[in-house]
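J.: Residue numbers for the sequence shown follow full-length UniProt numbering, beginning at 1 and rising by one.
Just so you know, these hints were derived from the structure itself, not from any lab.
A couple of the hints might just be wrong.
[As the list claims (entries may be wrong)] Here are the simulated distance ranges between beta carbons: (1) Ala131 x Arg221: 16 to 24 Å; (2) Arg221 x Val183: 44 to 52 Å; (3) Arg91 x Phe168: 16 to 24 Å; (4) Ala39 x Thr65: 23 to 31 Å.
Cβ atoms here follow ideal geometry from the backbone N, Cα and C, with glycine treated the same way.
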Amino acid sequence: MSERRQVAALLTPYAAGLALLVLLPAGVTLALAFTSWDAITPPRWVGAANLRLLAGDRAFRMALTNSAVFAAIAVPARLALALGLAMLLHRPGRRVGAARTVALLPTAIPEVAYGLLWLWLFNPLAGPINALLTVGGTGGLTAWGDLPPRWLTMPTPARAAIVIMSVFTIGELLVLLIAARRVLPAELYDLAAAEGAGAWQVFRRVTLPLIAPVLALLALRDTVASFHLSFVPALVVTDGGPPQYATTYLSLFVYRTGFEYLQHGVAAAATLVVFGLTAVAVAVQWRILRGALAGPTHGGR
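Given these sequences and hints, build the entire structure.
T.: Following this line, the structure appears as structure tokens:
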């Protein structure tokens with residue numbers, strides 16, 4: 001078998017999966033976005049009516065705002081925590097290995113079970129988080145004299161709870177950053193130590209510039225992933241509220257519009273909007289990150 005045929009044989013399963021699982025659903029979604037379909041009667045062409053409906057839909061506008069705020073907070077927080085843990089846990093050792101296992105555990109837990117666990121942790125009446133916050137206080141107040149957060153019954157604490165839940169599922173980021181740190185040349189660190197550089201100087205001047213491309217790619221990846229990271233927590237823990245739509249994100253809006261309200265055309269149109277916004281966000285990020293990564297290189301010439 002020629003090399004070209006071998007490559008074709010290896011790529012065929014991937015191409016088939018791409019066509020069946022990505023391209024075909026994308027084409028169906030694009031077609032449905034301009035129709036009215038309830039999964040019972042035949043689809044009816046409505047043109048851009050679904051997009052106009054979304055433009056005037058308060059729930060969609062709130063979901064859009066919630067998703068943008070979530071991505072702006074959760075993505076940097078997840079990257080910062082993963083980077084910090086990677087710097088601490090990249091060395092070999094039994095204790096470090098156990099710590100890595102603990103750090104990866106939340107990612108291995110099924111999403112619904114993970115959400116139910118946090119539902120108990122965030123319980124404002126009997127949850128352990130508020131119990132810890134009231135240690136040292138009197139009359140159910142915190143040590144600084146305030147009521148503990150009503151995590152799942154008020155809009156701002158509920159949104160904060162969704163972000164907190166996402167911050168701990170950083171297993172993939174952590175593994176990639178540990179791998180990126182381990183492949184850095186040891187000679188650079190020996191040279192920095194010989195010159196008397198401190199830990200912070202080594203991190204800022206050696207480690208961070210070398211793994212910056214990996215961080216850039218992970219930032220792009222996590223921005224895309226942020227549109228579904230909030231789905232299960234919002235569905236299982238807060239049910240999209242409280243009050244109405246306070247924690248409704250674009251993924252939850254699409255799910256409910258399509259599968260609960262049977263407005264598949266509107267849900268498909270919302271999916272197109274999500275795709276477009278994601279593409280724009282990634283393009284803007286890429287331009288900014290490419291300029292930031294190219295700056296030091298050009299400056300050093």
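J.: Check the structure against each numbered hint from earlier and tell me which ones fail, lowest number first.
T.: Of the numbered hints, 1, 2 do not hold.
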